[in-house]
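Colleague: One-letter residues, chain by chain:
There are 2 protein chains.
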Amino acid sequence: MNPKILVIGGLAAGPAAAAKAKRTNSEAEVTLFEQGEHVSYGICEIPYFIGGVTPNKSDIEPFSAQKLEQTRGFKVKTLHRVEKLDSTKRLVVVRDLWKDKLHEFKYTKLVLATGSSPRRLGIAGENARNLFFINKLDEAYALKKFIDEEQPKRAVVVGGGYIGLEMVDTLVSLGLKTTLVHRSAFPLSSLEDSARKFVLSQLTKNGVQFEPNQTVLQFVVDASGKISKVVTNRSSFETGLVIVCIGVAPNTELACHAKLRLGTHTGVLTDQHQKTSNDAIYAAGDCCELKNSVNNKWMYLPLATYAARQGVVAGMNAAGGRAAFKGAIRAVAVKVFDGEVAHVGLSLKEALESGFSADTDEISSSTKISFYPGSSPLSIRLIFEKRSHRLLGANVWGGSGSVARANVLSSAIQHKLTLEQVAELDLIYAPQFSPLWDPILTAAKQARKQ
Amino acid sequence: MNPKILVIGGLAAGPAAAAKAKRTNSEAEVTLFEQGEHVSYGICEIPYFIGGVTPNKSDIEPFSAQKLEQTRGFKVKTLHRVEKLDSTKRLVVVRDLWKDKLHEFKYTKLVLATGSSPRRLGIAGENARNLFFINKLDEAYALKKFIDEEQPKRAVVVGGGYIGLEMVDTLVSLGLKTTLVHRSAFPLSSLEDSARKFVLSQLTKNGVQFEPNQTVLQFVVDASGKISKVVTNRSSFETGLVIVCIGVAPNTELACHAKLRLGTHTGVLTDQHQKTSNDAIYAAGDCCELKNSVNNKWMYLPLATYAARQGVVAGMNAAGGRAAFKGAIRAVAVKVFDGEVAHVGLSLKEALESGFSADTDEISSSTKISFYPGSSPLSIRLIFEKRSHRLLGANVWGGSGSVARANVLSSAIQHKLTLEQVAELDLIYAPQFSPLWDPILTAAKQARKQ
Chain R
31 MNPKILVIGG LAAGPAAAAK AKRTNSEAEV TLFEQGEHVS YGICEIPYFI
81 GGVTPNKSDI EPFSAQKLEQ TRGFKVKTLH RVEKLDSTKR LVVVRDLWKD
131 KLHEFKYTKL VLATGSSPRR LGIAGENARN LFFINKLDEA YALKKFIDEE
181 QPKRAVVVGG GYIGLEMVDT LVSLGLKTTL VHRSAFPLSS LEDSARKFVL
231 SQLTKNGVQF EPNQTVLQFV VDASGKISKV VTNRSSFETG LVIVCIGVAP
281 NTELACHAKL RLGTHTGVLT DQHQKTSNDA IYAAGDCCEL KNSVNNKWMY
331 LPLATYAARQ GVVAGMNAAG GRAAFKGAIR AVAVKVFDGE VAHVGLSLKE
381 ALESGFSADT DEISSSTKIS FYPGSSPLSI RLIFEKRSHR LLGANVWGGS
431 GSVARANVLS SAIQHKLTLE QVAELDLIYA PQFSPLWDPI LTAAKQARKQ
Chain G
31 MNPKILVIGG LAAGPAAAAK AKRTNSEAEV TLFEQGEHVS YGICEIPYFI
81 GGVTPNKSDI EPFSAQKLEQ TRGFKVKTLH RVEKLDSTKR LVVVRDLWKD
131 KLHEFKYTKL VLATGSSPRR LGIAGENARN LFFINKLDEA YALKKFIDEE
181 QPKRAVVVGG GYIGLEMVDT LVSLGLKTTL VHRSAFPLSS LEDSARKFVL
231 SQLTKNGVQF EPNQTVLQFV VDASGKISKV VTNRSSFETG LVIVCIGVAP
281 NTELACHAKL RLGTHTGVLT DQHQKTSNDA IYAAGDCCEL KNSVNNKWMY
331 LPLATYAARQ GVVAGMNAAG GRAAFKGAIR AVAVKVFDGE VAHVGLSLKE
381 ALESGFSADT DEISSSTKIS FYPGSSPLSI RLIFEKRSHR LLGANVWGGS
431 GSVARANVLS SAIQHKLTLE QVAELDLIYA PQFSPLWDPI LTAAKQARKQ
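The listed protein sequences derive, respectively, from chains R and G. The working numbering puts the first sequence at residues 31 to 480. The working numbering puts the second sequence at residues 31 to 480.
Since the hints were made in silico from the structure, they are not lab data. Careful: at least some of the hints might be erroneous.
Since the list can't tell identical chains apart, any single copy or any two copies may satisfy a pair.
[Claimed, not checked] Each computed SDA-like pair below joins lysine to any residue, with the alpha-carbon atoms no more than 25 Å apart:
1) K365 / S400
2) K398 / F367
3) K446 / A95
4) K475 / R352
5) K166 / F367
6) K97 / S266
7) K34 / L204
8) K479 / S94
Just so it is clear, the structure is predicted and the values come from calculations on it, not from any experiment.
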């Protein structure tokens, strides 16, 4: 009998797993369940849809369920919520939300790609109709509709992480007076201080009211059911719109049904083959933790690229192939108005906590030769091991071209290069592209003298 | 007695060598001779000075002789031409061009950084006052003065290499109707055909008349001493200005005095420590050949970054230190109007000639996610070894962001990564910076299927 592969979750990891499973074994019966209406959409692109950078839904919803079925050859069941996982009988119980009926499906192998849910503040008013979480397409469409129709003048964004900053940028571009409430002194808690100060300066320069060291205590909801005021431990802010971006947590309800091993970040743990503690169950994407390949520790880093890579690996292995996801070093970046900031590898704090005898050093340079039009300041802070000079992490920030350099450093960290090796990288020079010594080389040359 | 270190040549490698020698051994008496008036200027920046991108001479002449002496601690003798090198007696004969007097200087160690000279066509009219070579600061100042004062309407550039293309871009930006005469069918002979076609399309789109497969046979010089017509084997072109950029050749006259070993490209050969075949003589920069670290063959690639790196190594070793220049993989790029094109590592032809069983594969993608403002097409062609999948070379071309990607590939080639390893690089994704799969990953993933 042909193997039955079930995939639960239709956003990034799920469709990647289902497609790869079908490609690996065309005899396999592959079925994907998605509780929502949409599949395989671009969650990362949502801020740009809301901001009107692209007005086309087709840009963020490139695949309908039908198109996935036709081009990838697996079955897609949207509006189907998997409510129970019985790993002993190898079956799932699925509610068809359209007909409100329960069905059982047996599996040979199962891929959990159940994703994540936004963390909530857990205070009254969080369900007000002018409060949004940016984690689902329906939520994005609702937010866009709300802004178009009700034209709020002010917004409060809670949480200065990557998504929070993208939303702040978007709201300012739409003309809203925007306040960013953040729990610590500077945005982006995992960056080094000087990079965080740069981000803060980008916010201030562009008229954003940054409110540091604050926790939201209360939402004041008016008669129309909308939050009119956000009260924190230090102040209060009138508003017409609230966006909460305080991170996401892995969805592990089904994983718990099967008693899968979870990690300290509450995500599913897998081996390199994306296999969970149950031999018949694989997991991929935001519901999983992943191995940081610099310090070999588990981390929780729900990014689309990792989800897709894990999905491919899970799908291939579920269908009898053999693939491995070797972990991630962390490579993230955000554009804050005209500034870019990127973080690759470990922070100094993480490096020290992981037992590295780590040090750090910073340089200031420019994206191109300084007289060239469009040249702008660029800074690099390297984190490295003192004795071996192995590069462990880097922050890069400044004008356009900062993130591209972080990719060179990311590759260097991934392949365990030393500062000496980074200083000898054969990088291109021409005035239009960099100073004579690319800032990467300058940073490595300076740091190795320490 | 303190060691006497003499450095011959004051552009890129020479000052780097002299400065490093002094830093390595502060007791050493270090003297640099330069036959021209200027030292340590930015030869690569000349097209942008001529084009008015920067009108400031200080941007291309950051160091006067005096400033070098004061900040770096070595003696600088400009307008001093070394006319004889006696390696047996360890002395050089130097003409003070100012006073027209000869002096002898003895050395403990000598660093040759005599640079290169433009190749000439070797036909009559090549000394006409409206014909320029772009290789010296004085020549650049003369060209700028000529353009400002005589306002030519038309220009012919001979040679479609990197400098030729930069000059074409510059002349068009100044409003000159520009013809590019090139010996083969497409510009940039070392690139793969599809990249060369892209460059040609950039030229055509911007109104440049590209004349392929042509050799200049004759310059018609008018009564005022200016070339009025350029005659090739296929056509002739009226002009008010001629720029000849058909490459440069190493200056090795002094090397020949000392009977130093030269290579097949007529440059000085050195070991990793930049030592020549004479134990007391080091060489660095455009007068040298350098080792291509991908195929371990000698090549001639006179670029400022390599010159400076070799200079540092030569200077350190001449002063008793121990440093090595481990060769180059070749990393070059040029901006042609709004297009970028980069070449890193070997071409397919070089790879095959070096004995690699090589193959090549190409992808088309975009610099950012396609809907994002400023996103433009980007193509990558990879050259790799068939069996091992080791990456050997790459061409990257398209809009802004192409060259930055070439730097990631350059680093991958330098560290001998395979296509599988490149496909697993942890590169940043966000819509502002790349498609979900960075074109680098897409290229490697597609090529490994071959």
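Colleague: Looking back at the hints listed earlier, which ones does the structure fail to meet?
Modeller: 3, 6, 7, 8
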